[in-house]
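Colleague: Line by line, the protein sequences are chains A and B. Take the first sequence: its letter number 189 is residue 189 in the numbering used here, and every next letter is one higher. Take the second sequence: its letter number 188 is residue 188 in the numbering used here, and every next letter is one higher.
Accuracy of the hints is not assured; some may be wrong.
[Claimed, not checked] Once the Cα atoms are required to be at most 25 Å apart in a straight line, the calculated DSS-like pairs of lysine-lysine come out as:
1) 100/A - 10/B
2) 90/B - 222/A
3) 172/B - 222/A
4) 119/A - 10/B
5) 77/A - 10/B
6) 194/A - 172/B
7) 10/B - 172/B
8) 117/B - 100/A
9) 222/A - 10/B
[Said to hold, decoys possible] Which chain A residues stay away from chain B? Per the calculated CB distances, all over 10 Å, these:
10) 48
11) 102
12) 203
13) 209
14) 231
Simulated from the structure, these hints should not be mistaken for laboratory data. Where is the CB? At the ideal position from N, CA and C, for every residue including glycine.
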Amino acid sequence: MPKTVQLKIKRQEVPESQPYWEEFEVPYQKNMNVISALMEIQLKPVNVKGQATTPVVWDCSCLEEVCGACSMIINNKARQACSALVDDLEQPITLEPLTKFPVACDLMVDRQIIFDYLKRAKAWIDVDGYFFSGPGPKVSETTRRFAYDLSRCMSCGCCMEACPNFNEKSAFMGPAIIGQVRLFTLHPTGQTSKDQRLEALGGKGGIGDCGNSQNCIEICPKGLPLRRAIGEMNREVFGYKVKKWLKAD
Amino acid sequence: MSQDKSYLLKKLHSLTGIIPLGIFIIWHFIMNSFLLQGAEKFDGAVELLHSVPYLWLLELVIAIGFLFHAAYGLYMVFTARYNLRRYSYKRNWAFVMQRVTAVLILIFLLIHVYLLKFSGLEITFASLTQVFDIGSLTILAIGTLAAMFHFANGISTFLISWGWTVGGKSQKYFGYVSLVIFFVLVLVGVNILRMFG
């Protein structure tokens, strides 16, 4: 008898409909990941009861854990489906869509809010001119290393999924946004618009809403130094607020 | 200045937990510990405390601090979406316990402050021994445990939120400091309750 993989998937046809569970059994292949198991379902959309069904919908792109598109809840943990190897997972493998973002269909969610929040926090660096103005300022190796680690954020939403304070009742923008603000306020050119970012983090849904559950540090698939990023931004935002108040007319 | 005041409120919430509430709870325990030196010393300390000048002002500061901390804290309790079953990490446990104890303390303090301040009960060792049965001592013990956890863990999160303990090492170290503060204060509390046992 050939080896098989058991899957239990939380499905939802349209954003307004009720979710339901459906179980599948697909042929096992060596070194397969959750995406390739889902592809087997796509190939032969028949559930474990032998009934023909619709193929399961999911989102993915890079398949090497750098794009952040295939975030889902796999065996009760938010993570990337591409780097979730079937051999490492307990079966039946349960797959659920992220719960903090609106479900589009099955395992596919709409993560637009992350990008809206990144915009609100001005998580980018302005162009400092359209002509060559010589080399930029030097950055120390330790700062570069920290900045590089933060730059690995792929906006996958796992930290927001695990954060108890990121939800529909709260305005909190989430850990990833704080990490990106840290990154762009470290950058010498980015520092010219630092105040705008600190203003965002000191405002509605900003860093004040962090509840120190630190689930983000545990769950981040890229192991981002979120502890230090949040700690340092706590200090920066407080300093900015005090100085601003003291100087205000 | 932006119209949104949530950052200021969060900071005030964090601050009121230490000043005046944290300072008060330690002071409260020191005063109660006069019991260890005997009934007369305790009754004398209560009398002295009640004759402190500007006592009403101190009480007002504590009351305002408490009411704000409790009201904004309750809002925080109800705006979180708890996920301990899925993410049962140590700090997430502390996050949930901080909010569970918050509700326990609020219920406890409503009873505690009413009975010992507004019910007209005379605060002497003799009269307290009469009214404290095993039930009320249990409630006092639960209230003490909850309050001490909330205060001790609150010190750790205060240090993170104000940008003092930034790294893993300092956060871990002050986690231990909180644990020691918790155990010391619980022992001091138990020592007080023992006097009524």
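Colleague: What hints, given by number in increasing order, does this structure fail?
Modeller: 5, 6, 8, 9, 12, 13, 14
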